[in-house]
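Novice: Each number in our numbering comes from the position in the sequence shown (counting from 1) with 78 added on.
Source of the hints: derived by calculation from the structure; they are not laboratory data. These figures come from a predicted structure and were not determined experimentally. Incorrect hints may appear among the rest.
Stated by the list, open to error - Pairwise CB distance ranges (calculated):
#1 Glu182 with Asp149: 31 to 41 Å
#2 Phe152 with Ser172: 18 to 28 Å
#3 Ala150 with Gly215: 16 to 26 Å
Stated by the list, open to error - Taking lysine-lysine pairs in the BS3-like style, the calculated list, with each CA pair at most 27 Å apart, reads:
#4 Lys223 with Lys174
#5 Lys179 with Lys223
#6 Lys223 with Lys130
Cβ atoms here follow ideal geometry from the backbone N, Cα and C, with glycine treated the same way.
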Amino acid sequence: MTRSVIAKRLSRRHRYVKGNGQRPTGGRRPPLARALAQLRRIKQRFARYIGKTYGHLAADCATCPTPCCADAQFVNVHIVRLEAKAMLATLQHSPKYGPAKVREVLARAAHAVARYGLTETGDTFGQTYACPLFEPGVGCLVHWKAKPAACIQHGCYERWEDLPETGTQRRVERQVAALDAAVHDAPSTWLPIPLWLLRAADEADESLDFRDEAEPPPRVQTAREGFSSPD
């Protein structure tokens, strides 16, 4: 992808972040907003489980001199369409970051796609990249609201036997995939984070609502409610 093409795509995406973010005065909340709220709860419940069960066994990421998220030879995390929308919504409506940070992240995503040759075909899990959502001195920009399950699961452990079990992560990812399919009427392809961020930004227009509301969404019956124990 040439710089001119990237510049044109980023110009189109910038229109997405110029909205006023106002909420409608009436009417029912759109399905997307309900799905984003449910997705956030799924992720946060999983994060609490990992933190409570395994957090004390892992090294502190804040003190790590070589963050895994920035290691272009290591990161190959994949997400689905709904997760990308959740990431953009988290940044867009953050009182700390907002539209300017969305533009920065999309620019980094475009750079990652070009630099690391990320594609939507072939062995996508064999492709690695530096995550555009990682910011030095800050960490993950969507840490609490939209972090992928694989990232929540990951940690630096001294002993192999301290690693978290993987069954719960797989359950969470099935929940995420089911919710994504319910919202979009079809399952999404799992792709590297930079690719889905760019695609989601391209898809965004005035008809898409990324607002963060509290109304309980319809439940997706794909996994058990809690994560108190492994499979």
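Novice: The hint says 31 to 41 Å between Glu182 and Asp149; measuring C-beta to C-beta, is that right?
Specialist: Cβ of Glu182 to Cβ of Asp149: about 20 Å, so the range 31 to 41 Å is violated.
Novice: With a cut-off of 27 Å on the C-alpha distance, tell me whether Lys223 and Lys174 pass.
Specialist: With a Cα-Cα distance of about 14 Å, the restraint between Lys223 and Lys174 holds, given a limit of 27 Å.
Novice: Would you mind confirming whether the straight-line C-alpha gap from Lys223 to Lys130 stays at or under 27 Å?
Specialist: Holds. Lys223 to Lys130 sits at ~18 Å (cutoff 27 Å).
Novice: Are Lys179 and Lys223 close enough, with their CA atoms no more than 27 Å apart?
Specialist: holds, 16 Å
Novice: May I ask you to test the hint 16 to 26 Å on the CB atoms belonging to Ala150 and Gly215?
Specialist: holds, 19 Å
Novice: Could you tell me whether the CB distance from Phe152 to Ser172 stays inside 18 to 28 Å?
Specialist: holds, 27 Å
The structure is inconsistent with hint 1 alone, although it conforms to all the rest.
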